[in-house]
Amino acid sequence: MANLHRYIPMTEQDQAEMLATIGVSSTEELFRDIPEAIRYKGTMPMSSALDEFSLLEHMKELAGRNADTDRYKSFLGAGIYDHHLPVVINHMISRSEFYTAYTPYQPEISQGELQAIFEFQSYICELTGMKVANASMYDGVTALSEAGALAAGATKRKQLVVSRAVHPEARQALLTMAHGLNLEIVEVGCANGVTDLDALRAAVTTDTAAVLVQSPNFFGAVEDLAAIELIIHGAKGLFVVSANPMALGLLETPGKLGADICVGDAQPLGISQSLGGPTCGFFAVAEPLMRRMPGRIVGQTTDIDGKRGFVLTLQAREQHIRREKATSNICSNQALLALCASIYLSTMGKQGLIDAANLNLQKAHYAANELKKRGFELPFGSPFFNEFVVKLPEGVSVKETNLKLLESGFLGGYDLGIAYPELAGHMLIAVTEKRTRTEIDSFASRLGEVVA
Amino acid sequence: MNTTINESTTNASETTAGSAGGFKNVSTKPEKSLIFELSKPGRVAYSLPPLDVPEVPASELIPASMLREIPAQLPEVYEVDVIRHYTELSRRNFGVDNGFYPLGSCTMKYNPKINEDTARFAGFAKIHPYQPEESIQGALELLYTLQNDLAALTGMDQVTLQPAAGAHGEWTGLMMIRAYHESRGETRTKVIVPDSSHGTNPASATVAGFETITIKSDERGMVDLDALRAAVGSDTAALMLTNPSTLGLFEEQIVEIAEIIHEAGGLLYYDGANSNAIMGITRPGDMGFDVVHLNLHKTMSTPHGGGGPGAGPVGVKAKLIPFLPKPIVAQREDGTYYFDYDRPQSIGRVKAYYGNFGILVRAYTYIRTYGPEGLRRVSECAVLNANYMMARLAPHYEIPYPGVCKHEFVMSGRGLKAYGVRTLDVAKRLLDFGYHPPTIYFPLNVEECIMIEPTETESKETLDGFIDTMIRIAEEARTNPEIVLNAPYDTVVRRLDETTAARKPVLNCACS
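For the record, the sequence lines run as chains A and B. The numbers in my numbering rise by one with no breaks, and the one at position 438 of the first sequence is 438. The numbers in my numbering rise by one with no breaks, and the one at position 124 of the second sequence is 576.
Calculated from the structure, these hints are not laboratory results.
Below, a sample of chain B positions facing chain A; criterion: calculated Cβ distance under 7 Å:
#, residue
1, I579
2, Q589
3, P755
4, P940
Below 27 Å or equal to it, Euclidean Cα-Cα: the simulated DSSO-like pairs (lysine-lysine) are:
#, chain 1, residue 1, chain 2, residue 2
5, A, K325, B, K668
6, B, K668, B, K642
7, B, K565, A, K60
8, A, K41, B, K769
9, A, K373, A, K404
10, A, K256, A, K131
11, B, K956, A, K307
12, A, K158, B, K642
13, B, K642, A, K325
14, A, K325, B, K956
15, A, K131, B, K492
16, A, K256, B, K956
17, A, K158, B, K778
Just a sample of chain B residues kept apart from chain A, beta carbon distances all over 12 Å, derived:
#, residue
18, E715
19, D792
20, S864
21, Y871
22, E899
23, E927
24, N932
Every residue, glycine too, gets a C-beta built ideally from N, C-alpha and C.
Please construct the entire structure, taking both the sequences and the accompanying hints into account.
Structure (structure tokens):
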């Protein structure tokens, strides 16, 4: 039976009976409404079918040609970090009641997902110090774009001022979005690895819908959010902060420092690197902006028996109700990754998140000192979290250096020259809790040898 | 197992369902604690690597004013609490693995387990987007092959894998359409959508800077060609169409529609939400579409994840290739792969990195379980299942658009309104029988709409069981509507107060 496949239960007998019930003689007749001229004849030129064993072998072969962080020691961050994933996470997200469900449209049989999202929203509010959070966004980068769009809509202003210390890909996505919405993007430069406050002051006007910064920023440095807040609120614009959620174990919350919108990527919270996706964006706002938020939101309520329960709520903002007048076109969120983040935070708990953040802080500073000792220049003196910039000796290529490090079993840092021509020859190095002192020492030594 | 207290029964849903007695039943299924409510100071669930470097006080590394004054009030629980909490939450959730999930327009097909395994291979799950290209050639080969496979499937010339979801793909496609018109010195401001379209279509058009014109469907559920001709003009940027439509109907006049749009200088956008009906049978590219998105979480079996992550790759015809988001994956003459950023007319970036790679691995795995002939069989069976269900349900529910359907069909529950029963009530009653209800109240142009999509991975026995239940509910509505109106009985919570939830929003536990 050539038509048999393990995912399809249709037997010849089933097919015959079903066609008879419908009153047609062949499946072909079910496609009689498709004009002959556009019927596809022939076999689509695409990958062929493999049996289960051969497919596993093929996938192993493809996977085997990638240098994974089980085999290589990573000092690479720049938005995606090699953190330890507590083993419970994979066990829980592998429960297929979670991962084979769709958006919880039927709350009576989706309380698990709805409560998980409610708890995620609670976690995000707790971490960021913001009043309300949504169910998640595609990633931190698109969340920042949405924050810009929200700010423009809320202030009826057309200009967004973004720091060049914001992730380059976030700024690129913001530009794409701004073109769609006819917004103007003004970029402000950096000094000493953080946003240049004088330049920011000069850029912000009464046309500015929002200032968008990232902290820790792309260079790993902690921004002076309190100072930036004064500048943008002085012009009655909104303050948008993109935050690293793990760093918020130690750093003061954007909410407390006056952010109107706080976004970020939850990848550091138990989400695998997966070549950069899928991750999970988070999106939190001050209360006045609640009904302007994009995406799904879960709220607590009661059922007819008076029992606590959870539902999708404030849906009047959304595309399936408002269509062209919706606050965003987003439909799905990243529920399963939001679940990862929630399980991570449940596992870490109050002390664990502080400890994890502190391990990152300490090990990164140890690594920075070890590199300094070996004669490397660290061009920026601003305080940093788990990532910092190193200048390689004049004329040494970061790309070539990384290929040599790879041969020694290391994934070297990000080549800043790609996104910042003025920082050619500079490497952005990330150190997480996973790196041991021995690994840091040997990385520093090897880097010294490679560039010598 | 079932702890519902009901005057007439305390047993399984079937007996609860059979009761015609009182309905003031109160489920004794307990409320589930929030994880925060399980907290007890001093408990831990974590195990972190040691601090093996000399510790410096945080306040010496970062100014005290930048450090957190009050620690985040996260719960303090131990590992068993975590496991039991999330296991219990999962038991309060219904997925495809729990039972039939005929949610129209969502293609809730079986999510193969091999996909989950391959996506978790270290060589896919533990790689970084900025590693040297030399160190991720296997991943790049997968992406390159998937781009080509999806191009072949849709009849397009090139594909971007960057968009994270269907709506994200729509917007990406519309931004390319805008860039295309702009490159020709044309300002075209209008996007046309039929009234049966997904809400994301007009919403995406707005975010891409377009105005939306909604046109009515004709009495057969097709695009009204006269209305289309009247709407089309020199300001038409694009028509967005789902084909088969959200009514489950193939747009028979698609060739004429394409001509009308193209003659006016507009482009055709294909919303691929319903691609499960047509794989290997007809292709958007052959129908005349210029831009296509696919929902890999629908057609390509990647799990919906409780509402994401998905993936929404976009395919385009040759004339739109220059505008694709960057980078795309390309192959050198020596056979190696690389990210091609040298695309000066690109609309730019739409997402971080290269898309939802973990989802793309699953989709590629899926394609390779079927191959092109197998994918055609997928669509044949999906369409056969839908037509069978429609034929059997037709005597019991109103079918507004008779004839053949594709992978899904719509019914109207308005015949039950005479008994005070609405479509929402029918959906709630289905919960008692262990089914996820169909999509309801969409599309908007069908009164009391019930939209059913069985997919190809369901057996005739499953379909018959659901059909028999739908027939029974219609009968209940006629003979004892109270049964239906008070449903569900057997769920952990029953009908929830959504009005208060929206009027007085409680959106987090406000733990601190």
